[in-house]
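Start from the sequences, fold in the hints, and give me the full structure.
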Amino acid sequence: MANRITSYLNSQEIPDILKKASVAVKGDLDGFFDGPQNFQALLRDALDRAKQQGVKEAIDKVAEGITEHLKRHIYEVIKTASLVESLAKKSLPNLQIRDCRSKFSFDLGWINVFFVINSSLEDEILFSNLLNGVEQAILKEHNFIIETFFVNDRDKEVDYPAIKNDYPFNIKTIELEKK
Amino acid sequence: MPLGSQHVQQASHNIEFLTSFYKGHKYNDWSITVGFYSALHIIENAIFVKKQLTYKGKPITIEHADDLPDCAAQSKIPPPQNLSSTPITPHKFRNILVQENFPDVGDFYMLLYRESRAARYKKHQFSDNEVALLAKAPLGSIVDWSNKNFATSFVFNLE
Numbered sequence: 013m014a015n016r017i018t019s020y021l022n023s024q025e026i027p028d029i030l031k032k033a034s035v036a037v038k039g040d041l042d043g044f045f046d047g048p049q050n051f052q053a054l055l056r057d058a059l060d061r062a063k064q065q066g067v068k069e070a071i072d073k074v075a076e077g078i079t080e081h082l083k084r085h086i087y088e089v090i091k092t093a094s095l096v097e098s099l100a101k102k103s104l105p106n107l108q109i110r111d112c113r114s115k116f117s118f119d120l121g122w123i124n125v126f127f128v129i130n131s132s133l134e135d136e137i138l139f140s141n142l143l144n145g146v147e148q149a150i151l152k153e154h155n156f157i158i159e160t161f162f163v164n165d166r167d168k169e170v171d172y173p174a175i176k177n178d179y180p181f182n183i184k185t186i187e188l189e190k191k
Numbered sequence: 003m004p005l006g007s008q009h010v011q012q013a014s015h016n017i018e019f020l021t022s023f024y025k026g027h028k029y030n031d032w033s034i035t036v037g038f039y040s041a042l043h044i045i046e047n048a049i050f051v052k053k054q055l056t057y058k059g060k061p062i063t064i065e066h067a068d069d070l071p072d073c074a075a076q077s078k079i080p081p082p083q084n085l086s087s088t089p090i091t092p093h094k095f096r097n098i099l100v101q102e103n104f105p106d107v108g109d110f111y112m113l114l115y116r117e118s119r120a121a122r123y124k125k126h127q128f129s130d131n132e133v134a135l136l137a138k139a140p141l142g143s144i145v146d147w148s149n150k151n152f153a154t155s156f157v158f159n160l161e
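Same order as they appear, the protein sequences are chains A and B.
Start counting the first sequence at 13; every next residue gets the next number (the working numbering).
Start counting the second sequence at 3; every next residue gets the next number (the working numbering).
Keep in mind that the hints were calculated from the coordinates and are not lab data.
There could be a bad hint or two in this list.
[What the hints assert, rightly or not] 20 Å max Cα-Cα, derived SDA-like pairs, lysine to any residue:
no., chain 1, residue 1, chain 2, residue 2
1, B, Lys94, A, Leu59
2, B, Lys125, A, Ser94
3, A, Lys115, A, Leu133
4, A, Lys152, B, Thr56
5, A, Lys152, B, Thr35
6, A, Lys152, B, Lys125
7, A, Lys115, A, Tyr172
8, B, Lys94, B, Thr35
9, B, Lys124, A, Leu133
10, B, Lys124, A, Asp167
11, B, Lys124, A, Lys152
12, A, Lys168, B, Thr35
13, B, Lys78, A, His154
Written out as structure tokens, the structure is:
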């Protein structure tokens, strides 16, 4: 093969580009490239493409993980809220749950559920005890740490903008979106 | 990490502070918060003194609530699914330990915890009756329980 190339090289009829190609085959890569597209540039382009592909695959994987995470978090939040609501209806009929909101963090791993209630002080204390039972049940049955909080707005003007800021997700909205 | 005696000192300090302004009822929101932080140190002392606790029904040896993930791992108890490698606030671990191990005061402690968080949204509107029911009574019960079971001698008199 090398002899044949050498013989072609010696021929005047061979175009310059083929002469350069044959030089490359012989091992002199630098001689093959003429102009901006050299070996380093090609390598850089290939690496860039690989990086882009890698980043895309990594993003897809992370997005898939987050979606799964999100679904699981939302499931636990709704489960907690539903459980609290049904237990409160049965055991604290005079207590009204006005709103139920949530916040969660994938990075830090916490899930908080917040209730705005309207009740007497005595029922407020019992509601806190009820939340303890729910938190323990979720930990035992689902192995999830969920924190539950509330504010009682009876005879008070609560800071709703702060509540919405701290707990941006409205459980009812999430439920509607799921349907 | 503080020793049990340091938690006792901090709890006494907080209770003294609470006593200094409670009766004026001008800072009822702060009564809730200081009440909670007094209870927190009483509970941490109880954890430190008792050491042999349970988590999800299984025995663990622990001195500080923050150590719960490590202690659970040593006892081969699977961690909660949403427990990340980034440490979360030890409040959550303490709450779990209190509710499981100190049922006599678990509800009181959790009430103080939640009320201290709710104070942010109540715009200083805690009434005198509220603060008596939601801070004074639960903290008083926790103090009595500690004095009885953990050889502490907290003085608690908000009358």
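* Asked: Straight-line Cα separation of B/Lys124 and A/Asp167 no greater than 20 Å?
  -> It holds: about 10 Å lies between the C-alpha atoms, which stays within 20 Å.
* Given the hint that B/Lys94 pairs with A/Leu59, test it: the Cα-Cα distance must not exceed 20 Å. => The hint is violated at about 46 Å.
* Asked: Are the Cα positions of A/Lys152 and B/Thr56 separated by 20 Å at most?
  -> Given that 20 Å is the threshold and the Cα spacing comes to 13 Å, the pair holds.
* Verify the proposed pairing of A/Lys168 with B/Thr35, using a straight-line Cα cut of 20 Å. => Given pair A/Lys168, B/Thr35 holds - Cα atoms ~19 Å apart, limit 20 Å.
* 20 Å Cα cutoff - pair A/Lys152, B/Thr35 -> Violated, at roughly 29 Å.
* Asked: Straight-line Cα separation of B/Lys94 and B/Thr35 no greater than 20 Å?
  -> holds (17 Å)
* To do: Assess, step by step, whether the Cα of A/Lys115 is no farther than 20 Å from the Cα of A/Leu133, and give holds or violated.
  => violated (26 Å)
* To do: Compare the distance between the alpha carbons of B/Lys78 and A/His154 with 20 Å, and conclude whether the hinted pair is satisfied.
  => Within the cut-off at roughly 18 Å; holds.
* To do: Take a quick look at whether A/Lys115 and A/Tyr172 sit within 20 Å of each other, Cα to Cα.
  => OK: A/Lys115 and A/Tyr172 at ~15 Å, within 20 Å.
* Is the Cα-Cα distance between B/Lys124 and A/Leu133 20 Å or less? -> Satisfied, since the Cα-Cα distance of roughly 14 Å is no more than 20 Å.
* To do: Assess, step by step, whether the Cα of A/Lys152 is no farther than 20 Å from the Cα of B/Lys125, and give holds or violated.
  => violated (36 Å)
* Keeping to a limit of 20 Å between CA atoms, is the pair of B/Lys124 and A/Lys152 held or broken? -> violated (32 Å)
In summary, the structure is inconsistent with hints 1, 2, 3, 5, 6, 11 from the numbered list given earlier, while agreeing with the others.
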